[in-house]
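Model the full assembly from the supplied sequences, consistent with the hints where possible.
Number of protein chains: 4
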Amino acid sequence: MKKIAVMTSGGDAPGMNAAVRAVVRKSIYHGLEVYGVHRGFLGLLNDDIKPMNLSSVADVIQRGGTVLRSARCEEFKEKDNQVKAAKILRDKGIEGIIVIGGDGSFRGAERLASQGIKAIGVPGTIDNDIPYTDYTIGFDTAVNTALDAINKTRDTATSHERTFVIEVMGRDCGDIALAAGLAGGAESILVPEIEYDIEEVCQRLRKGAQRGKLHSIILVAEGVASGFEVGEQIKQKTGFETRVIVLGHIQRGGTPSSFDRVLASKLAAKAVDLLIEGQSSKMVGIKENKIVNVDILNAIDAPKKFDKEMYDLAKVLSI
Amino acid sequence: MKKIAVMTSGGDAPGMNAAVRAVVRKSIYHGLEVYGVHRGFLGLLNDDIKPMNLSSVADVIQRGGTVLRSARCEEFKEKDNQVKAAKILRDKGIEGIIVIGGDGSFRGAERLASQGIKAIGVPGTIDNDIPYTDYTIGFDTAVNTALDAINKTRDTATSHERTFVIEVMGRDCGDIALAAGLAGGAESILVPEIEYDIEEVCQRLRKGAQRGKLHSIILVAEGVASGFEVGEQIKQKTGFETRVIVLGHIQRGGTPSSFDRVLASKLAAKAVDLLIEGQSSKMVGIKENKIVNVDILNAIDAPKKFDKEMYDLAKVLSI
Amino acid sequence: MKKIAVMTSGGDAPGMNAAVRAVVRKSIYHGLEVYGVHRGFLGLLNDDIKPMNLSSVADVIQRGGTVLRSARCEEFKEKDNQVKAAKILRDKGIEGIIVIGGDGSFRGAERLASQGIKAIGVPGTIDNDIPYTDYTIGFDTAVNTALDAINKTRDTATSHERTFVIEVMGRDCGDIALAAGLAGGAESILVPEIEYDIEEVCQRLRKGAQRGKLHSIILVAEGVASGFEVGEQIKQKTGFETRVIVLGHIQRGGTPSSFDRVLASKLAAKAVDLLIEGQSSKMVGIKENKIVNVDILNAIDAPKKFDKEMYDLAKVLSI
Amino acid sequence: MKKIAVMTSGGDAPGMNAAVRAVVRKSIYHGLEVYGVHRGFLGLLNDDIKPMNLSSVADVIQRGGTVLRSARCEEFKEKDNQVKAAKILRDKGIEGIIVIGGDGSFRGAERLASQGIKAIGVPGTIDNDIPYTDYTIGFDTAVNTALDAINKTRDTATSHERTFVIEVMGRDCGDIALAAGLAGGAESILVPEIEYDIEEVCQRLRKGAQRGKLHSIILVAEGVASGFEVGEQIKQKTGFETRVIVLGHIQRGGTPSSFDRVLASKLAAKAVDLLIEGQSSKMVGIKENKIVNVDILNAIDAPKKFDKEMYDLAKVLSI
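Residue numbers (UniProt numbering), protein chains in the order written: chain A, 1 to 319; chain L, 1 to 319; chain F, 1 to 319; chain D, 1 to 319.
Honestly, the hints are just simulated from the structure, not real lab data.
Errors might be hidden in some of the hints.
To be verified - Simulated coverage check for chain D against chain F, where a stretch passes if three residues somewhere in it have a Cβ under 8 Å from a Cβ of chain F:
(1) 59-71
(2) 120-134
(3) 149-155
To be verified - Derived pair list, reagent style DSS-like, types lysine-lysine, alpha-carbon separation capped at 25 Å:
(4) K308(D) with K287(L)
(5) K315(L) with K237(L)
(6) K287(L) with K305(D)
(7) K213(A) with K235(A)
(8) K213(A) with K290(L)
(9) K308(F) with K290(A)
(10) K305(F) with K290(A)
(11) K213(D) with K50(F)
Note that the Cβ used here is the ideal one computed from N, Cα and C, for glycine as well.
Here's what the structure looks like:
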């Protein structure tokens, strides 16, 4: 292995730049040449590939987003394009690639692998929806962004004795809602993994109000319902004034937290090690606080386990 | 004047606590007794009034919201209740009151004044919609909160080349949208004071895209339209993918900025001075970087002047 | 077990309030009465103990510091005082106590245990210097505070091409310096666990300068040397202009991060479970991403393992 | 005027990039060509000058530091070099220059003006030490950074009942200490403009302690004394445990606040207008909330007025 490439793909996540930086510097440390593919698989098909050196990743570690940019690429599902992409890489002498992204990106990586390019996946997505890794790059930052919104809402909630509904990201995975909700002391947390009972939510609100609770915050993962819907339901059932916040894409931004930068650095370094060892079709991850790797196909197909114990704890603590 | 009271009323704003603290400490410094009215005019009617001392305002300067809480109070529009409120104050020997809030709160203050309680208004509202003061307490913090959202959106916008619509507060006054939009480098800023032309907004987006601009951010004051409406219009007219963020009440929260705390301290101290001088029916404000006072009726009736020059500058700088 | 107490002791750490809240609410959920001991072992000796209810811990989860306060207490090393303390607790019917703090606090807990009070330790200290737990409460927040300082320094460092020395906390444990240094892309990281060679540090600076590096940041744990000393040495050896920052106690403050609040909640809940089970002389911790418990004596005597692999990675990535 | 240049010089300040961006975009809007001089006067002498376009200032508005970099340049005090610099500019057809910096930078600008290059100064320095402008670019951000440190210190101070000394920037001007101290509720504020009496500082600490105050924070501008000195004095006189924080250059960094970005945009736009009008040897500023301009020599020689009223208010409020 003498030349490798790195790309970011799918939704961006804070810490992706720390991962790109680690790939580049670790590669150079081991004497590899490293190339950056811009705009994910779309850029790969368009040969938007540039050599990277130490300076390419100077002063990027603290930046949100991804300096390599990202894009969707439906065309990459076609076999012809996969063959073409592998050829583009091979023509440059690039034997391996590190793909930073979510499960869609890993599918792309696997397709490259099946065309003879050694491919390693690094889990980068704020949703934390990848199995076989306890954390994905970007999750910690996103949760802290959601938590900051809860902190701010709390200030005004306490002053006014109102009910707030905060919609956070998470289509299939409620981890952002769960972590931010537990950390923020939310009254109820609605996640896609557990069916919710609006009546129970309202019951908790009513009990809290009777006890003199000054405010209530309901976290809703976007995969469950829109915040506005939930707010409307609560208002109709309880008569309580509700206010809705839709955090949206600000959860993808912001300077990455220390946790995400350290995780990104460790995972990316491991990915380089795997390529050097000649491995392919693997995803790196963190399991039980250790950097590990698994077959990338596992990471695509397996369902992510939901932390029911943490969910129950959040309920106990918000009595 | 030996005893005075202080209350916060209407929507809360970051810096209200700094104002309450300054009222209490300045009053005690001058040998006055000072009382806190809880929950605004509602609390006043319910005699929810407590003596305050130096410790009552220890460690509140950095907190968002208001330790005196706030509430709406439709009943205070009734003459009987105004008479009752004045009596409640008079029975405790309270001769003057400082009301921190917006124009609705000033109306209440004026009603107390007409019942013989000397009343001074302090402009505290994030909207910056009070005439005769260049800034209201809370505005600077709210703009910085909106700006932080723009910063974060920018990260992901750059990575993905998308259009974002961010809805900020401002029913009749576009100052939050204008300041955050100029400071954040937004492509278009929609404010209630200037009619907007969706076609022009789209035209700017198209031009930017042609020039290779990586992202576009549109700020919308809530008084103009909902962010979702604007997003939908843009999508239909340009075909660009748009994402919507509704910041909502997080703009009311957060630890107050230095600007808001300094402003709050100065305005509140001035309000105490005015009561000591025996004045009433005044609003304190900051004009041309000086602490001033005006007849409170002016602050209620006059329209707030919009900074058209700044609006035009924002347009020039977002070419 | 019907009545338990909770205290914070030693240096405060962000997240201690989240732990206190979780102790209180989990206890109440299980029908226990819970008391708060103010000012650590000093307050215990002075019978500064108050019953806590759901409202005692309302709106504390987001606050830095500890609402139960903390204090040093040399007197508690005396046997007589330990007997007295146990009697004070027993007289109130308190059978178990949860002590949130560092190794000194655990020694105190163990002394209470030897007097017949069931005692459980919860690791709360920013230094991350407790063995048998991968993370202590407060560490993540402290690292992010240090990282924020690095981010800000980086801005000005890039503009001016200077060398900065940032002194962070860590008397015997270099974890804050290591994590913030890796996450912040520091050129060199000096920790108490690894002897440092000022000549090597200077050599890296010189090489960086030759390569056109715009700035250099050196992280120094306080246990190694003062930032000013290191700055002086570098200046003398390289002639480079150096600037020194001493973060000091701001690392102990700030609203706790999501990680710290979630960790605090889980550890504290586990501590309550242990008391209910009738256990004593245990410390709860997180190992391999699982909440565990160990004999508290282990946590006191064993040395904390240093993550040499992470240290080496930081070196590789800062080439 | 067809071609102009812009440079940043002296210590960097948050918001300088917003000013550079505004110069570039406003110039292009008016049909001017605009050049960026890198590394201040040093770069000017080395002909480190590049044409700028809209993209040169894309995504810089939110960044701390200065993309044009800065440097010291003793050589520019020599007449020969001033002649040389003017020639370099003239050879490129550059007739006017906008210099963003402090009083040293304005001296350089004035020297260029005396060589026939029209020069306008824009006050950019965190110290707020420029007369004839109420605010300099960067001051608001720096104060908020110092305030954030106070907020964090407060958390731990409250938990432990200690005295903290925080050294902030300000060699000749105490404005950062004053604003952060008032906003942060500091017990004492030591500024270069007012002689301090350590005995009075200690007296306030003792009184606070008697009253049960939980913590004390002393702000010290670096121009008064080092934080460590003041801490030592307090410890010796009162016996109170003191802790020292030296914020140093982190005050120069961070994403600029809204206030600084808006101010920077307005001042820079005005500077372009002045060049278009054919003016020279002016400094733009904000006086009484209006954008104004004064003879640049005034800004260099006049002393900055200290806000004694605000200083006295801070004392009253920290009783």
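Numbers of the earlier hints that this structure fails to satisfy, in rising order: 2, 8
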